[in-house]
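J.: Use the sequences and the hints to build the structure in full.
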Amino acid sequence: MRVVIVTESFPPDVNGVAHCALQTARHLVERGHAPIVVAPATAAGNGPDALAPCPVVRVPSLPLPGYPQVRVALPSRRVAAAITEHRADIVHLASPFVLGVRGMTAAARLGIPAVAVYQTDFAGYARTYVHAGEAAAWRRIRSVHAAADITLAPSTPALQDLEAHGVPRVRLWQRGVDTVRFRPEHRDDTLRRELAPNGELIVGYVGRLAPEKQVELLAGACGLNGVRVVVVGDGPSQPSLTQALPGAVFLGRRTGDELARIFASLDVFVHTGPFETFCQTVQEAMASGVPVVAPAAGGPLDLVAHGRTGLLVPPRDEAAVRDAVWSLAADPELRAAYGAEARRTVEGRTWAAVGDQLIGHYTDVLAGRAVVAA
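Here the numbering used here is used: the first residue of the sequence shown is 9, the next is one more, and so on.
Honestly, the hints are just simulated from the structure, not real lab data.
A portion of the hints provided could be inaccurate.
Cβ-Cβ distance ranges computed for the label pairs, FRET-style [as the list claims (entries may be wrong)]:
{"id": "1", "residue 1": "T92", "residue 2": "A360", "range": "26 to 34 Å"}
{"id": "2", "residue 1": "T263", "residue 2": "R352", "range": "23 to 31 Å"}
{"id": "3", "residue 1": "A89", "residue 2": "R377", "range": "18 to 26 Å"}
{"id": "4", "residue 1": "Q168", "residue 2": "G234", "range": "36 to 44 Å"}
{"id": "5", "residue 1": "R39", "residue 2": "G119", "range": "23 to 31 Å"}
{"id": "6", "residue 1": "G376", "residue 2": "P254", "range": "51 to 59 Å"}
{"id": "7", "residue 1": "R377", "residue 2": "G260", "range": "44 to 52 Å"}
{"id": "8", "residue 1": "A144", "residue 2": "T92", "range": "30 to 38 Å"}
{"id": "9", "residue 1": "L180", "residue 2": "R39", "range": "36 to 44 Å"}
{"id": "10", "residue 1": "A89", "residue 2": "R39", "range": "44 to 52 Å"}
{"id": "11", "residue 1": "R95", "residue 2": "A345", "range": "47 to 55 Å"}
{"id": "12", "residue 1": "G207", "residue 2": "H314", "range": "54 to 62 Å"}
{"id": "13", "residue 1": "A375", "residue 2": "G141", "range": "35 to 43 Å"}
{"id": "14", "residue 1": "R377", "residue 2": "D339", "range": "48 to 56 Å"}
Note that CB positions come from ideal geometry on N, CA and C, so glycine has one too.
T.: Next comes the structure, spelled out in structure tokens:
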């Protein structure tokens with residue numbers, strides 16, 4: 009198959025949409041298909057694309073005001089031209105909202121089937137950043153996804169949310185995890201001594217430091233005796249979080265094997281944001297054999313088995329986060345049991361397995377188009 013992946017984000021960006029688009033392109037190449045990627049241009053130019061598994065077409069973009077790590081594509085004819093020149097059999101729209109809308113329009117005009125992948129809770133972001141606009145965000149989401157042949161949701165709550173807001177033809181497609189890179193054997197005692205020189209329990213957060221992630225909910229855990237909070241990531245909230253989380257260690261953005269070593273060296277992983285459609289970092293922590301504390305909302309509901317691989321807590325509840333961390337801090341045997349079960353739970357969720365599921369969805373869409381044409 010000849011596939012055009014139109015994505016709102018792609019490496020060197022570090023986020024769930026970029027990572028999933030990269031893994032999708034890699035898997036398609038490995039299975040003998042011919043993908044290309046269309047993505048917003050980066051501030052650094054096109055140099056990083058030398059490491060991409062397939063050609064990357066960059067569309068002019070501007071940084072999002074107040075959040076320069078996120079870039080928004082400008083109007084461009086490159087999207088339609090790329091789809092036409094590649095002679096695409098199918099268009100894959102990764103978290104379509106701006107660039108993806110142009111990809112959808114071009115695919116419809118050219119009569120090419122489109123698969124839309126829902127990955128970002130734009131309605132939740134509207135509530136967080138502008139304290140309004142949730143209904144408008146859902147109208148946009150519904151309009152974009154209704155034009156696709158199918159929409160793929162990453163979790164059961166996301167699928168239910170889409171269907172409740174009138175999005176048709178929704179199917180479940182979860183995300184994979186690199187179970188070779190992320191594994192318990194990467195636990196590093198030297199790193200642990202650097203992060204917690206007095207032998208404290210290490211509680212970690214990994215992700216963007218932005219308002220919707222609500223990382224400030226770790227403040228209660230920072231106040232626990234014998235606990236050291238470690239924060240990995242960057243973003244616009246970092247200055248305020250250094251004040252809100254006294255005693256926490258901020259490591260900045262980390263990737264690759266270094267990130268895997270950090271994950272495996274944690275005692276507890278905490279995710280705080282309530283707007284996750286999936287939550288890849290929870291899955292990476294589980295693959296690393298680390299028990300998880302996460303809000304009982306969105307993607308974590310599918311990932312964390314409460315009382316078996318970690319603890320689910322009410323969203324936006326600092327005291328509940330603190331108490332969950334404290335209960336795990338007090339019981340090393342329970343932490344070990346949760347971590348071991350977490351690893352077992354994700355061992356079959358490789359990117360190869362979920363990539364083959366995606367190809368199956370492509371095949372179904374193409375077969376459905378063929379039946380209609382006949």
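J.: For every hint, state whether the structure bears it out.
T.: Against the structure, the hints:
At about 31 Å, the beta-carbon gap between T92 and A360 stays in the expected band of 26 to 34 Å. Distance hint for T263 and R352: a CB-CB separation of about 26 Å, consistent with the stated range 23 to 31 Å. Between A89 and R377 the beta carbons are some 23 Å apart, a value that agrees with the proposed interval 18 to 26 Å. Judged by the Cβ atoms, the range 36 to 44 Å given for Q168 and G234 holds: they are separated by roughly 40 Å.
Taken as a hint, the range 23 to 31 Å holds for the pair R39 and G119, whose Cβ atoms sit roughly 25 Å apart. With their beta carbons about 56 Å apart, G376 and P254 fall inside the hinted range of 51 to 59 Å. As the Cβ distance of R377 to G260 is approximately 46 Å, the hint placing it in 44 to 52 Å holds. At about 32 Å, the beta-carbon gap between A144 and T92 stays in the expected band of 30 to 38 Å.
For the pair L180 and R39, the beta carbons lie near 21 Å from each other, so the given range of 36 to 44 Å is not met. With their beta carbons about 26 Å apart, A89 and R39 fall outside the hinted range of 44 to 52 Å. The hinted range of 47 to 55 Å is satisfied by R95 and A345, whose Cβ atoms lie roughly 53 Å apart. The hinted window of 54 to 62 Å between G207 and H314 is violated, with their beta carbons roughly 29 Å apart.
Roughly 38 Å separates the CB atoms of A375 and G141, a value that falls within the hinted 35 to 43 Å. Between R377 and D339 the Cβ separation comes to about 55 Å, which falls inside the hinted range of 48 to 56 Å.
When held up to the earlier numbered hints, the structure conflicts with 9, 10, 12 and fits the remainder.
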